[in-house]
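Please assemble the complex out of the two chains, which come individually in their own frames, going by the hints.
These protein sequences, in sequence, are chains D and S.
Under numbering that gives the first Met the number 0, the first residue of the first sequence is numbered 0, with each subsequent residue one higher.
Under numbering that gives the first Met the number 0, the first residue of the second sequence is numbered 0, with each subsequent residue one higher.
FYI, nobody ran anything at the bench for these hints, they're computed from the structure.
Wrong hints could be hidden among the right ones.
Okay, derived cross-link-like pairs now, DSS-like style, lysine-lysine, Cα gap no bigger than 27 Å in a straight line [what the hints assert, rightly or not]:
(1) D:Lys342 x S:Lys219
(2) D:Lys342 x S:Lys128
(3) D:Lys381 x S:Lys273
(4) S:Lys128 x D:Lys308
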Amino acid sequence: MLIAQNITKKFGGVTALNKVNMELHPGMVNAIIGENGAGKSTLMKVLSGVYVDYEGAIVYNNEPLKLAGTKDAEAKGIVIIHQELNLVPGLSITENIFLGRERCNAMGILDKKEMARETRTLLEKVKLDAEPGQLVGSLKVGQQQLVEIAKALHTKANVIIMDEPTSAISDKEVDNLFVIINELRSEGKTIVYISHKLKELFTIADRFVVMRDGCSIESGLMADMTQDDLIRKMTGRAVSGTANHTTQTFTEPALRVENISLKGASRVKANVLTDISFTLHKGEIVGLYGLMGAGRTELMETLFGLHPKRASGNIFVNEKAVQIQSPIQAINQGIALVPEDRKAHGLILDQKIKTNISITVLNQLEKWGIVLRNKKETELSKEYIQQLGIKTHSENNVAGNLSGGNQQKIVLAKWLATHPGILLLDEPTRGIDINARFEIYNLMKKLAASGMAILLVSSELPEILTASHRVLVMAEGRLTANIPIAEATESYILKHAIQHNITA
Amino acid sequence: MIAIQRNNTINLARLQSVIALVVLCTIIAILSDKFLTMDNGWNVLRQIAVNICISVGMTLIVLTAGIDLSVGSILALCGAITAGLSKNGIKLPSADLFIGFTLLGALLGGIIVGSLLGWFNGFVITKFKVPPFVGTLAMLTIARGLTMLWTQGHPISNLGAPFATIGTGWLLGIPVPVWIAGVVVLLAIFITRQTRLGRYIYAIGGNENAAILSGININKVKLIVYSIAGALAAVGGIMVTSRLDSAQPNAGTGYELDAIAAVVIGGTSLSGGKGSIGGTVMGAVIIGVLNNGLVLLNVSPFWQQVVKGAVILIAVIIDKGGNKK
Numbered sequence: 000m001l002i003a004q005n006i007t008k009k010f011g012g013v014t015a016l017n018k019v020n021m022e023l024h025p026g027m028v029n030a031i032i033g034e035n036g037a038g039k040s041t042l043m044k045v046l047s048g049v050y051v052d053y054e055g056a057i058v059y060n061n062e063p064l065k066l067a068g069t070k071d072a073e074a075k076g077i078v079i080i081h082q083e084l085n086l087v088p089g090l091s092i093t094e095n096i097f098l099g100r101e102r103c104n105a106m107g108i109l110d111k112k113e114m115a116r117e118t119r120t121l122l123e124k125v126k127l128d129a130e131p132g133q134l135v136g137s138l139k140v141g142q143q144q145l146v147e148i149a150k151a152l153h154t155k156a157n158v159i160i161m162d163e164p165t166s167a168i169s170d171k172e173v174d175n176l177f178v179i180i181n182e183l184r185s186e187g188k189t190i191v192y193i194s195h196k197l198k199e200l201f202t203i204a205d206r207f208v209v210m211r212d213g214c215s216i217e218s219g220l221m222a223d224m225t226q227d228d229l230i231r232k233m234t235g236r237a238v239s240g241t242a243n244h245t246t247q248t249f250t251e252p253a254l255r256v257e258n259i260s261l262k263g264a265s266r267v268k269a270n271v272l273t274d275i276s277f278t279l280h281k282g283e284i285v286g287l288y289g290l291m292g293a294g295r296t297e298l299m300e301t302l303f304g305l306h307p308k309r310a311s312g313n314i315f316v317n318e319k320a321v322q323i324q325s326p327i328q329a330i331n332q333g334i335a336l337v338p339e340d341r342k343a344h345g346l347i348l349d350q351k352i353k354t355n356i357s358i359t360v361l362n363q364l365e366k367w368g369i370v371l372r373n374k375k376e377t378e379l380s381k382e383y384i385q386q387l388g389i390k391t392h393s394e395n396n397v398a399g400n401l402s403g404g405n406q407q408k409i410v411l412a413k414w415l416a417t418h419p420g421i422l423l424l425d426e427p428t429r430g431i432d433i434n435a436r437f438e439i440y441n442l443m444k445k446l447a448a449s450g451m452a453i454l455l456v457s458s459e460l461p462e463i464l465t466a467s468h469r470v471l472v473m474a475e476g477r478l479t480a481n482i483p484i485a486e487a488t489e490s491y492i493l494k495h496a497i498q499h500n501i502t503a
Numbered sequence: 000m001i002a003i004q005r006n007n008t009i010n011l012a013r014l015q016s017v018i019a020l021v022v023l024c025t026i027i028a029i030l031s032d033k034f035l036t037m038d039n040g041w042n043v044l045r046q047i048a049v050n051i052c053i054s055v056g057m058t059l060i061v062l063t064a065g066i067d068l069s070v071g072s073i074l075a076l077c078g079a080i081t082a083g084l085s086k087n088g089i090k091l092p093s094a095d096l097f098i099g100f101t102l103l104g105a106l107l108g109g110i111i112v113g114s115l116l117g118w119f120n121g122f123v124i125t126k127f128k129v130p131p132f133v134g135t136l137a138m139l140t141i142a143r144g145l146t147m148l149w150t151q152g153h154p155i156s157n158l159g160a161p162f163a164t165i166g167t168g169w170l171l172g173i174p175v176p177v178w179i180a181g182v183v184v185l186l187a188i189f190i191t192r193q194t195r196l197g198r199y200i201y202a203i204g205g206n207e208n209a210a211i212l213s214g215i216n217i218n219k220v221k222l223i224v225y226s227i228a229g230a231l232a233a234v235g236g237i238m239v240t241s242r243l244d245s246a247q248p249n250a251g252t253g254y255e256l257d258a259i260a261a262v263v264i265g266g267t268s269l270s271g272g273k274g275s276i277g278g279t280v281m282g283a284v285i286i287g288v289l290n291n292g293l294v295l296l297n298v299s300p301f302w303q304q305v306v307k308g309a310v311i312l313i314a315v316i317i318d319k320g321g322n323k324k
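Pulled out of the complex, with its shape left as it was, chain S reads as follows (with noise of 0.2 Å):
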């Protein structure tokens, strides 16, 4: 009886979001005849859906207990890549030497930096036992100064038509980012729920002693999660490099901290061990409709971050009182 009632909890938990959801709608649409309309809710859909790839990865790492900073950095270091091997590819003139890069080439070579990024930070933890805050804050400073150093400190424009289409595109009827950002919550939740990999993210997190005397390879669990989330990060920076037409060497600064958002708004325990990517998803559409209300009632952008934050301490309260129950 008692697992009935904590199991309903959960729902109810998930309930909660919905509503406080519903309520928000209503409250904008309310105030702004703006926002119930088609533009405005693609638009809205298509700037959450860079932050949904990059709460997913998040939202795997942080059911093992861990934390990523990087994502941000590893984002707009893996968009410039991309942009830079596709409109300039390598050259190396001291050795007379040139690489050109198909798009597709291109968006590989940003996705496969992204994962590599992200497999070091799973190394630098597993391996040394760098606690993950610290590893990944350190890879924060590391991808973003080598963005820089791609860059030369100056964005990468006019990357092309076929390029745009992956920001800006339609695909039947719908927006291309959300069709990205769909595929990559469906793979999410099915490799949490219907795979090893999954079981031994959950178990990781809900208690590491017993994962290893379970004979888990828990090194090897992370060192994968870690590299998922870069490789999203790279979705996510291609995206956003792709919608402004250019790649800025200071893309992406704080997103870490909006995607840590999202996914604790979504109910996952920092501790590991207990979340969703249905929850995630539901944090980042609450933070992305937050933020485009605030936009449309023309609060001002100070009062914007001082709501944001209200609402995270609010929704995280909320989440502990319904935790004592």
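Here chain D stands alone, though its shape is the one from the complex (with noise of 0.2 Å):
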């Protein structure tokens, strides 16, 4: 039996997990279910060895653990499967499950034959239907996790994290992982499973641990338990955000959506959306709420442009249908993307602010249709700087320089210069300060009461609460529910980001 006894992780200021306990227990499958954000999977690291500076214990067996790194806990039989499965694309299934242990003959030479059969046999055990040569870029993500598994049960793992194992699969190859972790599950294995989807768990799972803010809530067995139960369990939170009651009616449309769908990056895969129809009002702000992979971000992209090949469904932007295959025809029918990754998506680390924020706009600022005006330039960002309150000292900073609070307001920036009818917002408060979070909350409003018409999408359920005038909320590529923010309760919209009605 594994424990975790008070586990606590910090990461600088910010409490990841606090005193955390819970027995995973041997033969069983052992669900953990929480909101994003509950710190499911920082305590998968650390019971897999990723973090090794925790306060608290870990006992294994009757006996405490403490491990060294990912290493130790594999010698010690505790492997993990991420989300983002760790195989390298261009070796073979061989290669991969014998990586860094590889098998020698006496001469020191790979011995390939040896290592194929034993891969043979894993593969055999997993129900993979492959060659022990095939490279694993040739497979489908189905079939690499199942790589994954052979690869655990070639360290002789006694305890298999698997987390959102399925969020990437068919269903026929869940039914397949389901048929492996029972016979995992009867050789008296350790299966830790992370899912978000519920009906998933009622299947598979003997257990569960609820987590909830860092904390461990509830544990006990699934059959005890129903779908609202454990609904409740996850969203029970102490600190509730305070609605936001508005008797306020919108009625002009800024943004309408008609059953746009989009395509999987592979042929293989599903649809990422599925029908998607939705209004935005002028004047409205709209909060967009939904489990990780829900399609929360692919919508957004989808509306930006970004995938023109994949996509489908009309966009009428103002009641005018619109043809929206990149960026800039986005941007000329007024839509502005804030992304989710500042730093990836958002912004040149390496440039002054002023460029920053300029670069959206350059077209306005020349003179004779080439010659960029610098001190208009100059006189555009600090009034963005101004506007928004942006704590720097010149607008020649560079933008890597600043808080992560700062660096959101400079995107923000660089997009109001745009002058947007339309502002999409991905998860605007990442990772920043209370004070910048209220800040951008009261920016919102501003700009909503000024006729800007803007989609919110956050994993928080607070900030859902306390900015949106209307909550849609999407779960598997699909809208679930389109619920007026009085009628919104944090229980209400989780249930429809879980339980997605297949005949919907």
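Written out as structure tokens, the structure is:
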């Protein structure tokens, strides 16, 4: 049995895990349940040796366990299979399984025959119909996952942690995965299973542990629980966001989308988005909630013209049908996107604040159609630095040197400079401090009051409830609910984010 | 405060290369009395002019996080095309066709071919997502082969006095190639600092994803940049051809490496987004002075290469050290 005792893990000033206690039983599938950010992944990283500096203790088979790293965890029989698979696509299945543990013969030369033979046995065990010599890159995601499991079995793992194993695979592959999990369970292995899909958990899991806000809340047998019970335990947080009770009604559509679908990136993958239709009105802030992998970011990207080849459906801006095949066309329609990852997609970190803000509107800063007007550029950036309260001595400071909140304001500034009618915000407050957060909420209110339509994607329910006039919920690429803020509660929203009625 | 310090380090890097140049000049001047003469000075600048033209184009490409290995071959091809057009025109005996070219027409012809080849580089890179290193490596071979075909492997010589002026003439007491390089540099500085295109070039190299999301047509920018580099290689080719009064089929071999060296010594990051035309000019001058000095000091050509390589290495290591702080 693997026991976590009072595990606390802090990142800087943020407590990710707060005295977590749990027991993970052998011969069972232990489900870890919780919202985004509840601390599930952090805990798993502690248990699998990714994080080695934490408070508290781990007890494994009645002995205290202090892991030195992932290699050490592996040697002690604890393996984690990450959501993002950890395989080398350019190597064969055998080479992946034996990576770092290659078998050699007496001469010190790779014993390929023996490795291929062992691989074949493992592949049979995980029911993967493939040749040991096949390149991992040529396998489907579901098959690659089986290779990961085979790799785990090869290290004689007794504890196998699976982080969202079904997020990227088809129903048939899920069935196959469950057969294998059942076998591993009957062999007495401890399976730790993290998933957002409650329905799935009722099929496969024996026990559950609910986590919330970095704490372990409750554990027990799945058989004693109903879905509603679990949802209630996941959301019952102490401090609930105060809802934005508004009696305002919005009538003038700014953005209307009909049947937006987005095909998967590869041929074999299922649709990422399916038949999404909704309307965003002028002056309205609509919150869009969904669990990890629900397709929120993909929806934003599609609206911004980033997936012209895979997307289908109709988009209307101010009730006029428009084609949005590229960000340029989106911008021309008055759409702005503040992306989820500001460092990777929002900013040019090495460049000045000024150049980051003006990049979207350089064409308006030219004289004679060619020469940039430096003075006008400086004025523009100063104006937005002041308006958004960006804390800096000079517009010539390098963007990368500012704090997260101020960086986010630069991204907002560069988009507000285009005077958009429709503002798409993807996780605008991620990783920024509480003050900057409220400044951004206030800014959103101000912008909406001036007639801007805002779509706010967030993983945080309190944020959605605080800032929105209406809430849309997504699950598995579909829109599952459209809730007026007066009727929105955390458990109601979460229920729609988890339960997806296929027939809808 | 931190940002201000960082700005200072950039200036410091520039200062470092100025100091390096001064030290280099002082050492050579002490060892050779021929170095600090007007004649030698113009000679050095005239030699540098070609590398500056190519390096300016290379800088624009490297700023977008790309690279162009084909400039040496494009230089040879365009030099040969200009020479051939000006001397022989186009003859098609089968169709009984002859087109003669004025000198201006021949020059334009060479430059247009250069920019088209550069455009083709950009096309392959943007349309088929071929890595710049590979795409332009292919062009290196293709353009060299086309040069051999156009010249039939023989030099095209005796191009006449007007043509020779471009490489050897003087204007207002300054060699014509220096004028040309000067104009190219000023135009490039203007583009990088004062135009939308320049900003887009830096944005693409700084963060290509952010550039795309900001509504920048990155393919168009890359096409333009590679075309400019091709055209500038052609200008370099014309200058080389004119100075020798002969288009050599194997001209410009390895010039792309000198250009990359100038860019790197000048402090432009090969991963894009950071650097300047001014830095590259400094880099080209340092290489030129070094070449000249080593010849004046009668260092054997074999050792010259070793020294040149060592200087590039030292320059980059010093630059890295500066970045870390």
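Hint check: Lys381 (chain D) vs Lys273 (chain S), CA-CA at most 27 Å. Holds or violated? 24 Å, holds
Quick one, are Lys342 (chain D) and Lys128 (chain S) close enough, alpha carbons at most 27 Å? 24 Å, holds
Check whether the Cα positions of Lys342 (chain D) and Lys219 (chain S) lie no farther apart than 27 Å. Satisfied, since the Cα-Cα distance of roughly 24 Å is no more than 27 Å.
Verify the proposed pairing of Lys128 (chain S) with Lys308 (chain D), using a straight-line Cα cut of 27 Å. Cα-Cα ~16 Å, so holds.
Consistency with the previously given hints is maintained throughout, with no hint failing.
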